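Q: Chains as they are written, first to last, in the UniProt record's numbering: chain A, 1 to 426; chain B, 1 to 426; chain C, 1 to 426; chain D, 1 to 426.
Among the clues, some could well be false.
Covered, in the sense of this in silico footprint (three residues per stretch, anywhere, with C-beta under 8 Å from a C-beta of chain D), are these stretches of chain C [to be verified]: (1) 321-334; (2) 408-414.
Covered stretches of chain A, as calculated for chain D (at least 3 residues, CB under 8 Å) [as the list claims (entries may be wrong)]: (3) 99-109; (4) 166-177; (5) 191-200; (6) 218-227; (7) 365-376; (8) 407-414.
In silico lysine-lysine, DSS-like type, Cα no more than 25 Å apart, as pairs [to be verified]: (9) K202/C / K246/C; (10) K364/C / K149/B; (11) K136/D / K364/A; (12) K149/B / K202/C.
Everything labelled a hint here was simulated from the structure, so no lab data went into it.
Bear in mind that the values here come from a model prediction, so they are computed numbers and not experimental data.
Virtual Cβ for every residue (Gly too), placed ideally from N, Cα, C.
4 protein chains.
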Amino acid sequence: MRVDENQLEGINKEHLSLHDDTYNFLGNMLSKQGKDVDGILKKLADFQVAIPSWALGAGGTRFGRFGFQGEPSTLEQKIDDVGILHKLTQTAGAISLHIPWDVPSDYKAIKEVAASHDIIFDAVNSNTFQDQKNAKESYKFGSLSNINKASRDQAIAHNIDVINIGDKLGSKSLTIWLADGSNFPGQSNFQHVLQNTEDSVKEIYKALPEDWKMFIEYKPYEPNFYSTVIQDWGTSFMLANACGDKAYSLVDLGHHLPNTNIEQIVSTLMMKGKLGGFHFNDSKYGDDDVTVGSIKPYSLFLIFNSLVYGMENNPQNPYPAWMIDASHNIKDPLEDLIQSLEAIQEAYAKALLIDQDQLAAAQKDNDVVKCQEILQNAYRTDVRPLIEKARISRGGAINPIETYRALKVRQGLIKERGINSVASGL
Amino acid sequence: MRVDENQLEGINKEHLSLHDDTYNFLGNMLSKQGKDVDGILKKLADFQVAIPSWALGAGGTRFGRFGFQGEPSTLEQKIDDVGILHKLTQTAGAISLHIPWDVPSDYKAIKEVAASHDIIFDAVNSNTFQDQKNAKESYKFGSLSNINKASRDQAIAHNIDVINIGDKLGSKSLTIWLADGSNFPGQSNFQHVLQNTEDSVKEIYKALPEDWKMFIEYKPYEPNFYSTVIQDWGTSFMLANACGDKAYSLVDLGHHLPNTNIEQIVSTLMMKGKLGGFHFNDSKYGDDDVTVGSIKPYSLFLIFNSLVYGMENNPQNPYPAWMIDASHNIKDPLEDLIQSLEAIQEAYAKALLIDQDQLAAAQKDNDVVKCQEILQNAYRTDVRPLIEKARISRGGAINPIETYRALKVRQGLIKERGINSVASGL
Amino acid sequence: MRVDENQLEGINKEHLSLHDDTYNFLGNMLSKQGKDVDGILKKLADFQVAIPSWALGAGGTRFGRFGFQGEPSTLEQKIDDVGILHKLTQTAGAISLHIPWDVPSDYKAIKEVAASHDIIFDAVNSNTFQDQKNAKESYKFGSLSNINKASRDQAIAHNIDVINIGDKLGSKSLTIWLADGSNFPGQSNFQHVLQNTEDSVKEIYKALPEDWKMFIEYKPYEPNFYSTVIQDWGTSFMLANACGDKAYSLVDLGHHLPNTNIEQIVSTLMMKGKLGGFHFNDSKYGDDDVTVGSIKPYSLFLIFNSLVYGMENNPQNPYPAWMIDASHNIKDPLEDLIQSLEAIQEAYAKALLIDQDQLAAAQKDNDVVKCQEILQNAYRTDVRPLIEKARISRGGAINPIETYRALKVRQGLIKERGINSVASGL
Amino acid sequence: MRVDENQLEGINKEHLSLHDDTYNFLGNMLSKQGKDVDGILKKLADFQVAIPSWALGAGGTRFGRFGFQGEPSTLEQKIDDVGILHKLTQTAGAISLHIPWDVPSDYKAIKEVAASHDIIFDAVNSNTFQDQKNAKESYKFGSLSNINKASRDQAIAHNIDVINIGDKLGSKSLTIWLADGSNFPGQSNFQHVLQNTEDSVKEIYKALPEDWKMFIEYKPYEPNFYSTVIQDWGTSFMLANACGDKAYSLVDLGHHLPNTNIEQIVSTLMMKGKLGGFHFNDSKYGDDDVTVGSIKPYSLFLIFNSLVYGMENNPQNPYPAWMIDASHNIKDPLEDLIQSLEAIQEAYAKALLIDQDQLAAAQKDNDVVKCQEILQNAYRTDVRPLIEKARISRGGAINPIETYRALKVRQGLIKERGINSVASGL
């Protein structure tokens, strides 16, 4: 199923007059304040976030899963879903595959489907936190860090497979989320598993094509509840340095202990040229994986402030790979993703409004009150007209959620795929 | 020192045209959406928050204190400071005294000073967490919960003194923050100290004038680091119920364990008619007592959503007593308080914009996406023009911080009071 | 499969001489200190903890599950597993059923199996956090709190069914863990869902037989990640009070926000006569459900100090129903449960060693150092000989884990049940 | 005041028979298990922990301070206090000075006093978190990270002064705890302050004598409540690497976010040869600085397991500098320190009892249950007789707390120094 361009335009027309009013007013205000509105619009329009292939179906918790209807059950259907998202929001121009859930059988066909939606293949993700049917070795006690070489070798080989699959699709980066760790004190020797992990990622690194990057994710806990081998940015950073120039850290917003200052970590990594990937979601308690911006939007804005600063001032850092990494336990996954994409654009737009010169001057004067005013002035601005403008400049919907509903997309998908289709993944 | 009305008006004039533009645009939009803009403006204008008498000087941490210049060193000067705040913001029409730091010597004179600023005396606060010079009994091991009756009696008598002092000033409520607890396992018997506390607050309750309320604050830790007698809302609620109809719980935003859902606690207490007082501040780690809205403004908005709902739907709950309970370690306390007051008004205004009927309908349909949209629509609105409007309707400044600086208030206070004046308090 | 009594005795004989040495030395020491060693032994021998029927198979996380071999696939087999545990440890004399996972088809037969193992049926547990096949209403948006009456009614009826099933087996209590809550701000109206919950539990309470108790569990988050209706002890306590004398709170060690002082909550509830049930587990991050005592054994000891104090001094509180509520992701579930049972006995034994008179005297003197010494003296004592003694006095194993392995129990179970048997449950 | 050797021996004699009984029994048991009891005793006897000069007086919180009597008011008296501690415990053979609180006026005299107590001067500590009277520049907005060069230079110069002072006393290491950070988003530019800090520590490093070490402490928050420049081990490690071989990280137990796995950090740092210093304390909520082992003794044991492993297997890591960094708000500081020292010795002794060969074998087999058993077997052993033995082997007290009280040390100090003496420090 695809979004009909004419229908989309028809719906946009209904909202256009209101949009024009608010955009004109806001644009005018911002111009008076000396903002480069066109430059901001361009940045917003260019900002594209990858959707992971497993996020198009219903998620769940260890206590169960409430299904959703019309889930995509093939890779083509998943790409179609991202296509719908991208058509409406113009912000989801990439998909991030999880292997072995999404191994293409016909690469050419898959690439054509993606191209038809104007979607590229971003970072590919390996999975060594579950045992696959018929796997020779188990990851019950770890994969890249496992005390047994055979398990490590299997996990290394799997990662290299993932690189090869990604390479055929045009991906340029591999994301390693290593769930390895321990549930009980004494279960593993911290130094041995860290050394094993370093050796393993170096092996994978060797197989990395010249123009690829490797992203090393970190997480303090879950699914292991006593220790995790790559528990924090420090460990990830150390491993990336051990591998070489093409290895980077990856920050996932939900992968931190309570109260961590994430924006500071972002700044440190970009200063050192080592922020490679970035996963969006939100959370109140742990790695809750709820809709981006639904719990702590100001924190997201502060993180974007660090990201914007880094993108403008740290040439040593590559342009990061963006991905949404959220779960959809009780919402329609596509609606949830639209809300996440809007929240990301909102935070980005507000961060772009921060007057960096004024801020630097106030910091120099230790005028703490003024510094806060500058940030809050940007944050308190209602930037929705800007985001709408950027979206329609690329042919998207003024109001994606309303349009999605008006177009009866979910009903169409159910019709096409049935009520009981199930997406692979968690 | 007082804010000169003419000067204030002069500064306002410079900002008026911009204010009119933005207000007219926003007001128009909101009216089209069916909002009762005048009703909202009235509520904003009526909303008054008490300033605690000890918050006009520099705060500190256990590692020290960096002083500030021009601090008020008498109660009159403290009231003058609140007067300045109130003149500029029109939101600080009350002061909350801490005894024994602010015992008036001449009640009539003090009341006249306050009246001249249009300031009332809100809840009075007792202090049994420090030993006063020449005190007969020590609170080192507790006050209202102390295992020794003499200490308990002294603390009870002090609270009754505080009531009497407040009574002479026109206060109508007593706030008890009981810091009692223990630093080490085994140090105290949980049941004994809880029973002592219940007995003590009942004694104080007996001395409460008929038209007074008693607020029982709770806090999980600090200054005691193992246990606190009144550690959570459940304990506070239980004690309030044990006392009677005039006893209530008091919620302080910083007094919760990490990740607590405070807005839910607010709703529960108001449903049961037991939310009496409310202390504003913000925090990232613990009871950090930083500027309201500086860390988690969305959380503040959600809490205001609960407050607004309760004020409109829970006649069983009295109108709460509002106070700012923040510390000012590195900012000019008056500027910090202005920022806090603005953040409070902002969260309140946004909560007032939530379409409660639509929200109830979406909740009824379990349309989770729509519920979120409704809240975020309200939150994403730039309500600053509304707040400005409410402020100038009462004679305040369009832009209080800028006005404060343009009027060189701090310089005036330093001139009046000197560089080394020190406020009593923490 | 059953543990062979002769084999067990044979293994015990090998350890007896060492046990006697250590027990005699310790018993002698404790007697010299004035301890009533026989009284302590009797208390230890009498202490029985229920095993939940779903805890005999491998657990998992939302990221997957690593299977275990020889899992029980019928209720009879589950009772057999508890029988093995009880034979070895003499501490697991009860099973706690989860409905609908474990509805007996032949009550008489099931009761005979249990009786043959000397096992009783403790609290029965309802499940309204998952949708059952063919269920008319869904719990996706709540059960007892659901905004839709039909879902609430179904959940109420289910709970009443559970009571009836339990009644036929000799259970005397119902445990309600209500997972209801919301994942996003605005999703539900806090006051409505709380009121619905109060109404629902009152309905269930009406169906409670005269000699039954109802336990209301609380939990701050998971599976819902924004709010949980019964989020803390205060809410549970309020609901229990609203129901009546037979309703109680249930404390699960993993169901608290970070750093909560649980032993204080235990003391408060027992003082008010409202601690009905208690679930053991351990955790480092959230509701990790790992082996009891594996992470914070001193905390468990302090909690037992509160429990022991309450059992001896609070006649207003009934004897609590004990249950282990842990998950077994990477250990043999039976070995894991043995480790949990030993940790419980250890904490209980140490708490019984606390000299309560000395402690009360030191508390009276505010001799904080002494209070700590008294607790630590008890805690630092190696009480393993006492636990062994209590165990063999009832016919259990001196060393249950070693015995379990020596008897090749797991191998026997695999032989009986096969490699791929799967237990119902999570 | 000094402990009288004869009196000490007299008191020991009273406890000797009981000690002998328990020691003989335990020693015998351990020998049978193949433990090298003499080797363990030697390690325990050799283990010496520095006492910070500011920890001999009463501590406080931001809410106040309850004084203590007989506090040392001169550096000589502080050393005398450590001398008393060392005489009784034989574990406190070092003092760690804080500058500018403890600048000696007569170096030779001070060294003689220390030598007379058999006490050496361990790491010296700089203080740039407070403004000293007459200081030219303020640290209100930072010291080594300050945006203003003059403040940075003053802080660098102070650290070099501290090195020079330490050098004259025989210290061989400098500890830098940098409290710098920010209280509000936007207040500082994360990259600028980090770069400033790196430049500043490199300047200090240049002044380090050849045989000295520099320790860089980290802490997530307090006294700054939004960000801290050196917020975690990763940042500290990065800075230490930037300085060179003589720069190391310093771990303080209280300086971590909730639920951090500290023992893993210890292992990582030692593996990389970068754990230079270690500060002991305990906490439940934040940096509570309560008595070592009073809240989480098992966690301390696990950390010691990492330390012992590192000391035995990581020749690349220097022997760490140990210090107690706790506050004494309601206990006699000397009694509190004795309790801390005993808890440290206990955790160390238990960690030494872990059978590392068995553990490695069980880890190799992924026998998680066995791994836990091995750790818990060591932990559950009552090692007090070992510690007593190690202590008396050096001439200390069998029971230091009881001896301290029997000798009426505090009363003697009050007599000598008066009731109102006040120690410099926090």
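Q: Hint by hint, say whether it matches the structure.
A: Hint check:
no.	hint	verdict
1	321-334	holds (count 3)
2	408-414	violated (count 0)
3	99-109	violated (count 0)
4	166-177	violated (count 0)
5	191-200	holds (count 4)
6	218-227	holds (count 4)
7	365-376	holds (count 6)
8	407-414	violated (count 0)
9	K202/C / K246/C	holds, 11 Å
10	K364/C / K149/B	holds, 11 Å
11	K136/D / K364/A	holds, 19 Å
12	K149/B / K202/C	violated, 42 Å
In summary, the structure is inconsistent with hints 2, 3, 4, 8 and 12 from the numbered list given earlier, while agreeing with the others.
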